[in-house]
Amino acid sequence: GAGVSQSPSNKVTEKGKDVELRCDPISGHTALYWYRQSLGQGLEFLIYFQGNSAPDKSGLPSDRFSAERTGGSVSTLTIQRTQQEDSAVYLCASSRASGVVDTQYFGPGTRLTVL
Amino acid sequence: AQSVSQHNHHVILSEAASLELGCNYSYGGTVNLFWYVQYPGQHLQLLLKYFSGDPLVKGIKGFEAEFIKSKFSFNLRKPSVQWSDTAEYFCAVNARRGSTLGRLYFGRGTQLTVWP
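Sequences listed follow chains A and B, in order.
At position 45 of the first sequence the residue is numbered 45 (this note's numbering), and the sequence of numbers has no breaks.
At position 16 of the second sequence the residue is numbered 16 (this note's numbering), and the sequence of numbers has no breaks.
A portion of the hints provided could be inaccurate.
Estimated spans, in silico, between C-beta atoms of each pair [said to hold, decoys possible]:
hint, chain 1, residue 1, chain 2, residue 2, range
1, A, 58, B, 77, 29 to 39 Å
2, B, 7, A, 2, 30 to 40 Å
3, A, 87, B, 18, 29 to 39 Å
4, A, 53, B, 3, 22 to 32 Å
5, B, 68, A, 96, 21 to 31 Å
6, B, 7, A, 22, 33 to 43 Å
In silico SDA-like links for lysine to any residue, alpha-carbon gap of 20 Å or less [what the hints assert, rightly or not]:
hint, chain 1, residue 1, chain 2, residue 2
7, A, 11, B, 61
8, A, 57, B, 3
9, B, 49, A, 103
10, B, 49, A, 105
11, B, 49, A, 11
12, B, 49, A, 96
13, B, 58, A, 103
14, A, 57, B, 39
15, A, 11, B, 95
16, A, 57, B, 99
17, B, 61, B, 39
18, B, 58, A, 102
19, B, 49, A, 29
20, B, 61, A, 103
21, A, 57, B, 95
22, A, 57, B, 96
23, B, 49, A, 3
24, A, 11, B, 42
25, A, 57, B, 98
26, B, 61, A, 105
A few chain B residues facing chain A, derived, Cβ under 8 Å [to be verified]:
hint, residue
27, 46
28, 49
29, 87
30, 90
31, 104
32, 109
Treat the hints as calculated values from the structure; they're not laboratory data.
A virtual CB, placed ideally from N, CA and C, is assigned to each residue, including glycine.
Bound-form chain A, shown alone (with noise of 0.2 Å):
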């Protein structure tokens, strides 16, 4: 079946836009995740969405960062006033997770450049 999906693929933007990048979960998949991989960094956990509950935001930098999850599918990550730091690949993941704890499938990423 289909995979996780993301867009855009690359985005390139100007210090001080906002930018919104999107996640498409695999079909039946109850939780959402998002992570960041920059090379300063390496992979970091950003925010988890586990089907109607309370999304766990613990990993989101700053206030500017926020996400939604729209009809328990979709999710958007949203960051304001984009900082050259921003630049990093992020990357959205789905599992099952009906109660256990499963395994992560990741999607391409968006590749997001601040220039």
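Go by the hints and put chain B onto chain A.
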């Protein structure tokens, strides 16, 4: 908080050589363990995983890993590498319960280069 250490940042081998990549984690509770691989230009893919049971797990492409609970280790092995194994390898762990349930903690990755 949990942390994951991968001992080697870059490993260079010739084809047919044996491979062992080290991974240690720190966490006092029950964990799930994973190795992910990222081939050049591709996204992260699951190589193998350990949830419970036999501590020696086998994954795709001839890879295996052994969970040694007493050493908090989950080392990846392959008896004979191929040029196509050139990739970056990430060890990851998540907790099976608690406030950090679900989130993966990754090591910094090991870049494997295999010369033909």
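Hint-by-hint comparison with the structure:
no.	hint	verdict
1	A:58 with B:77: 29 to 39 Å	holds (34 Å)
2	B:7 with A:2: 30 to 40 Å	holds (36 Å)
3	A:87 with B:18: 29 to 39 Å	holds (38 Å)
4	A:53 with B:3: 22 to 32 Å	holds (26 Å)
5	B:68 with A:96: 21 to 31 Å	holds (28 Å)
6	B:7 with A:22: 33 to 43 Å	holds (37 Å)
7	A:11 with B:61	violated (34 Å)
8	A:57 with B:3	holds (19 Å)
9	B:49 with A:103	holds (8 Å)
10	B:49 with A:105	holds (12 Å)
11	B:49 with A:11	violated (32 Å)
12	B:49 with A:96	holds (15 Å)
13	B:58 with A:103	holds (15 Å)
14	A:57 with B:39	violated (30 Å)
15	A:11 with B:95	violated (33 Å)
16	A:57 with B:99	holds (12 Å)
17	B:61 with B:39	holds (13 Å)
18	B:58 with A:102	holds (17 Å)
19	B:49 with A:29	holds (19 Å)
20	B:61 with A:103	holds (18 Å)
21	A:57 with B:95	holds (17 Å)
22	A:57 with B:96	holds (18 Å)
23	B:49 with A:3	holds (19 Å)
24	A:11 with B:42	holds (17 Å)
25	A:57 with B:98	holds (15 Å)
26	B:61 with A:105	holds (18 Å)
27	46	holds (6 Å)
28	49	holds (6 Å)
29	87	violated (14 Å)
30	90	holds (7 Å)
31	104	holds (6 Å)
32	109	holds (7 Å)
Hints 7, 11, 14, 15, 29 from the list above are not met by this structure, while the remaining hints are.
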